[in-house]
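Student: Sequence:
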Amino acid sequence: MTDGVDLLAEEPLYRLDDQVGFILRQVQQRHALIFAGAFEDMTPTQWAALAKLAERRECSQNLLGRLVSMDVATVKGVVDRLIRRGLAETSADPDDRRRIVVRLTRAGEEFYERGAAKALQVTDETLEPLTEREREQLLGLLRRMR
79 MTDGVDLLAE EPLYRLDDQV GFILRQVQQR HALIFAGAFE DMTPTQWAAL AKLAERRECS
139 QNLLGRLVSM DVATVKGVVD RLIRRGLAET SADPDDRRRI VVRLTRAGEE FYERGAAKAL
199 QVTDETLEPL TEREREQLLG LLRRMR
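Under the working numbering, think of the first position of the sequence shown as 79, with each following residue one higher.
Some clues are possibly wrong.
For lysine-lysine, the following DSS-like pairs were computed, each having C-alpha atoms within a straight-line distance of at most 30 Å [stated by the list, open to error]:
id: 1; residue 1: Lys130; residue 2: Lys196
id: 2; residue 1: Lys196; residue 2: Lys154
id: 3; residue 1: Lys130; residue 2: Lys154
These are calculated hints, taken from the structure and not from any lab test.
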């Protein structure tokens with residue numbers, strides 16, 4: 079036996095191709111390629127922030143990060159890039175000047191309106207190998223796991 083693997087065994091003790099993390103990473107890579115084909119000028123993290131801002135109208139930068147599962151440094155960089163593109167703007171919270179409030183600009187709202195249909199197509203293409211029932215099951219199971 080070497081490093082936890084019985085070299086004489088017919089089946090390895092650990093098969094990478096059967097591991098949930100490896101499979102999820104492969105599916106994520108496929109999804110990322112589909113997303114990149116639809117949104118050549120935006121990353122999935124930028125779209126997530128933009129879509130959440132469209133949903134909420136405005137929120138603190140800190141809360142935005144929590145809502146889209148990004149750490150403080152990542153959400154700051156994402157918001158900075160959206161601002162540079164003219165899609166978002168920030169201001170100090172009138173109740174707490176230390177807090178930064180983020181909202182979409184009119185251009186950001188228009189980008190979201192044009193992009194929402196593409197984003198739905200990305201989801202549909204990602205889930206294309208599955209039946210409608212399988213899609214619902216998969217999404218339900220993934221929600222339970224997060």
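Student: Against the 30 Å threshold, does the CA-CA distance of Lys130 and Lys196 hold or violate the hint?
Tutor: Holds. Lys130 to Lys196 sits at ~16 Å (cutoff 30 Å).
Student: Lys130 and Lys154 were given as a pair; does the straight-line alpha-carbon distance stay at or below 30 Å?
Tutor: holds, 15 Å
Student: Does the structure keep Lys196 and Lys154 at a Cα separation of 30 Å or less?
Tutor: Holds: Lys196 and Lys154 sit about 25 Å apart, inside 30 Å.
Every hint from the earlier list agrees with this structure, and none is contradicted.
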